[in-house]
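S.K.: Please model the entire structure based on the sequences and the hints provided.
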Amino acid sequence: MNKRGVLFSIIGLAVAWQIAAMLVNRDILPAPWAVFVVFVDELDNGLVTHFLYSLWRVTAGMALSVLLAAPVGLAIGGSKRLDRIFSPIIYLLYPIPKVVFVPVVLLFLGIGDVAKITLIFLILFFQIVVLVRDQAAGLPPQLIQSLQSLGAGRRALFRFIYLPASLPAILTALRQSIGTAVAVLYITELFATKYGLGYYIYYNGSTLFNYPAMYAGVIAMSLLGLGMYYAVDWAERRLCKWKFVS
Amino acid sequence: MINIKSLSFGYPHTALIFQNFNWIVQRGETWAILGSSGCGKTTLLYLLAGLRFPTSGDIEIDGERLTRPRPRSGLILQDYGLLPWATVRENAGLGLQVREFYGEDGKHTPKNFQPEKNSEYWLTKLGLSEVADKYPSQISGGQRQRTAIARTLALSPDLLLMDEPFSSLDAITREDLQNLTLSLCKEQNLTLVIVTHAIEEAIALGSKILLLDSSPRVFENPHVGQASYRNSQEYRELCDLLWKEMRNEKSEK
Chain A
1 MNKRGVLFSI IGLAVAWQIA AMLVNRDILP APWAVFVVFV DELDNGLVTH
51 FLYSLWRVTA GMALSVLLAA PVGLAIGGSK RLDRIFSPII YLLYPIPKVV
101 FVPVVLLFLG IGDVAKITLI FLILFFQIVV LVRDQAAGLP PQLIQSLQSL
151 GAGRRALFRF IYLPASLPAI LTALRQSIGT AVAVLYITEL FATKYGLGYY
201 IYYNGSTLFN YPAMYAGVIA MSLLGLGMYY AVDWAERRLC KWKFVS
Chain B
1 MINIKSLSFG YPHTALIFQN FNWIVQRGET WAILGSSGCG KTTLLYLLAG
51 LRFPTSGDIE IDGERLTRPR PRSGLILQDY GLLPWATVRE NAGLGLQVRE
101 FYGEDGKHTP KNFQPEKNSE YWLTKLGLSE VADKYPSQIS GGQRQRTAIA
151 RTLALSPDLL LMDEPFSSLD AITREDLQNL TLSLCKEQNL TLVIVTHAIE
201 EAIALGSKIL LLDSSPRVFE NPHVGQASYR NSQEYRELCD LLWKEMRNEK
251 SEK
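Protein chains in written order, with my numbering: chain A, 1 to 246; chain B, 1 to 253.
Worth flagging that the hints you see were computed from the coordinates, not collected in a lab.
Glycine included, C-beta positions come from ideal geometry on N, C-alpha and C.
Treat the hints with caution; some may be incorrect.
So these bits of chain A aren't anywhere near chain B, every CB distance computed over 12 angstroms [to be verified]:
1) L7
2) L13
3) D83
4) Y94
5) P97
6) V100
7) Q127
8) S149
9) T207
Calculated cross-link-like contacts (lysine to aspartate or glutamate; reagent style DMTMM-like; alpha-carbon spacing at most 25 angstroms) [what the hints assert, rightly or not]:
10) B:K134 with A:D83
11) A:K243 with B:E29
12) B:K125 with B:D79
13) A:K241 with B:E120
14) A:K3 with A:E236
15) A:K243 with B:D79
16) A:K241 with B:D133
17) B:K208 with B:E29
18) B:K134 with A:D233
19) A:K241 with B:D62
20) B:K5 with B:E60
21) A:K241 with B:E90
22) A:K241 with B:E130
23) B:K117 with B:E220
24) A:K243 with B:E130
25) B:K186 with B:E29
26) A:K80 with B:E60
27) A:K243 with B:E90
M.R.: Right, here's the structure in full:
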């Protein structure tokens with residue numbers, strides 16, 4: 001994802017948006033320039049605070065998912081016995097749309113950030129577990145045997161093979177999860193909060209009917225996702241240098 | 001050095017690969033285990049490496065019964081042995097890193113372990129200094145195998161176990177590495193057990209050749225390592241003999 005590509009994409013989308021706005025010609029779809037002007041105004045008017053709230057929740061949810069799901073995926077992928085026990089459980093729980101748990105999570109964890117972060121965590125957790133498990137289970141046996149022959153037991157195998165081998169899988173899982181995480185973030189911010197981009201978009205669109213401000217919130221959410229994609233790409237270039245050599 | 005007594009081994013739900021197998025290897029000898037695919041030669045090497053265990057019978061190395069990978073045995077595989085995310089230098093130092101990770105616990109790392117020469121020495125000795133900061137995907141197959149050899153030698157082994165280490169290399173690189181292996185064995189007084197399906201390789205490396213088939217037998221190869229041996233009459237005769245033996249075994253099947 002290079003800067004030029006992003007710039008051309010923005011221009012292309014803005015042109016398509018402008019054409020659509022001209023065709024629709026209603027308040028509900030303002031032109032991109034009008035939205036951009038409001039976007040800049042709104043930055044001083046609380047949009048940044050909403051953005052930061054959302055950033056914190058989605059980052060915390062993702063970080064929690066990685067911290068808990070990666071070791072679980074590694075353990076299951078590294079042991080056939082654990083895989084036999086836990087994989088059926090994961091397969092049963094993975095396909096359940098976690099959004100159905102919104103009322104339950106709110107009931108148990110209250111209306112604060114913990115509930116919102118937990119919901120994001122619940123969705124990402126299984127995705128990361130499955131990807132990391134597959135990566136760990138698919139390692140060539142020769143790699144493991146040659147390290148065992150150097151004296152490595154289970155602990156050293158995890159430190160020197162399973163963990164570094166799973167880093168790309170963790171980052172891939174994160175990249176795949178960004179879209180879902182931001183979508184869930186929106187849903188969680190519809191409830192019991194006055195901060196966050198989800199609240200901002202819903203409040204402006206459905207209560208104030210301030211459509212330019214609503215679209216400014218949508219742009220901010222898109223930028224949030226874009227920033228996270230960049231962050232994961234950056235982490236991958238730093239942590240998995242070997243994947244980028246010619 | 002190696003003493004295998006009444007070894008039997010088979011994988012679950014399959015016939016026994018070894019039955020009452022006995023074998024003695026003296027210190028400093030170079031052995032080539034030759035056989036067609038599926039004869040159990042790689043299994044035998046893994047048994048010696050302590051990565052598989054006999055169904056019955058015993059494997060003793062240096063007078064001790066083998067119950068886990070032995071710190072002074074070095075295993076070199078055909079491929080995949082190097083970590084793709086680590087540079088040549090990091091790969092060569094991996095064995096030492098594992099030992100540091102455990103400390104001198106006497107189980108994973110021998111007590112009072114002092115590497116005679118560090119991995120940097122072996123990188124230089126094996127001509128890898130220039131590619132030390134590259135990743136395995138950036139270097140040639142020959143350099144990858146040199147890295148695997150450097151990693152093993154850094155742990156000061158006394159027994160080298162190799163599983164078809166040169167089979168994916170071109171003929172010139174293969175011959176170079178075979179000669180390098182022999183000279184290192186001589187210089188470091190290593191015992192070598194190399195598994196191969198190639199008759200030429202067995203004769204190029206093994207002072208003794210174990211032909212592994214339904215009735216395993218040993219062929220002496222006293223001229224191994226001598227200059228221009230590969231062009232000699234004895235070399236060609238041994239090639240013919242082993243080829244015929246392997247051919248007969250196949251037609252009997």
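S.K.: Could you run down the list of hints and mark each one as holding or not?
M.R.: Status of the hints after comparison with the structure:
With 12 angstroms as the threshold on Cβ separation, the claim that L7 of chain A sits away from chain B holds: the shortest Cβ distance comes to roughly 32 angstroms. Look at L13 of chain A: its CB is around 37 angstroms from the nearest CB on chain B, clear of 12 angstroms, so calling it non-interface holds up. Here D83 of chain A stays apart from chain B, with its beta-carbon at least about 18 angstroms from theirs, past the 12 angstroms limit. With a closest Cβ-Cβ approach of about 28 angstroms to chain B, Y94 of chain A is found to remain outside the 12 angstroms limit, as its non-interface label requires.
With a cut of 12 angstroms on Cβ distances, P97 of chain A stays outside the contact zone with chain B, its closest approach being about 36 angstroms. Under the 12 angstroms C-beta cut-off, the non-interface status given to V100 of chain A relative to chain B holds; the minimum distance is some 39 angstroms. Listed as a non-interface residue, Q127 of chain A keeps its Cβ farther than 12 angstroms from every Cβ of chain B; the least gap is roughly 23 angstroms. For S149 of chain A, the non-interface assignment is contradicted: its Cβ lies about 4 angstroms from the closest Cβ of chain B, within the 12 angstroms cut-off.
For T207 of chain A, the non-interface assignment is confirmed: its Cβ lies about 51 angstroms from the closest Cβ of chain B, beyond the 12 angstroms cut-off. Restraint check for K134 of chain B and D83 of chain A: the C-alpha separation of about 35 angstroms exceeds 25 angstroms, so the hint is violated. Taking the CA atoms of K243 of chain A and E29 of chain B, the gap is about 41 angstroms. The hint is violated against a cut of 25 angstroms. This hinted pair checks out: K125 of chain B and D79 of chain B have alpha carbons roughly 22 angstroms apart, not beyond 25 angstroms.
Only pairs whose Cα atoms come within 25 angstroms are accepted, and K241 of chain A paired with E120 of chain B is accepted, the gap being roughly 22 angstroms. Straight-line distance between C-alpha atoms of K3 of chain A and E236 of chain A comes to about 17 angstroms, which keeps the hinted pair within the 25 angstroms bound. For the proposed pair K243 of chain A and D79 of chain B, the alpha carbon gap of about 19 angstroms is at most 25 angstroms, so the pair holds. With a C-alpha separation of about 12 angstroms, the suggested pairing of K241 of chain A with D133 of chain B holds against the 25 angstroms cut-off.
The straight-line distance between the Cα atoms of K208 of chain B and E29 of chain B is roughly 8 angstroms, inside the 25 angstroms bound, and the hint therefore holds. For the proposed pair K134 of chain B and D233 of chain A, the alpha carbon gap of about 22 angstroms is at most 25 angstroms, so the pair holds. For the proposed pair K241 of chain A and D62 of chain B, the alpha carbon gap of about 42 angstroms is over 25 angstroms, so the pair is violated. Restraint check for K5 of chain B and E60 of chain B: satisfied, since their Cα atoms lie roughly 8 angstroms apart, inside the 25 angstroms limit.
With a CA separation close to 14 angstroms, the supplied pair K241 of chain A and E90 of chain B stays within the 25 angstroms bound. Taking the CA atoms of K241 of chain A and E130 of chain B, the gap is near 19 angstroms; set against the 25 angstroms cutoff, the hint holds. Restraint check for K117 of chain B and E220 of chain B: the C-alpha separation of about 33 angstroms exceeds 25 angstroms, so the hint is violated. Between K243 of chain A and E130 of chain B the alpha-carbon distance is near 20 angstroms, which keeps this suggested pair within the 25 angstroms criterion.
Proximity of K186 of chain B to E29 of chain B is assessed by CA-CA distance (about 9 angstroms); at most 25 angstroms being required, the pair is judged to hold. Among the hinted pairs, K80 of chain A with E60 of chain B is inconsistent with the structure: their alpha-carbon atoms are about 30 angstroms apart, more than 25 angstroms. For the proposed pair K243 of chain A and E90 of chain B, the alpha carbon gap of about 16 angstroms is at most 25 angstroms, so the pair holds.
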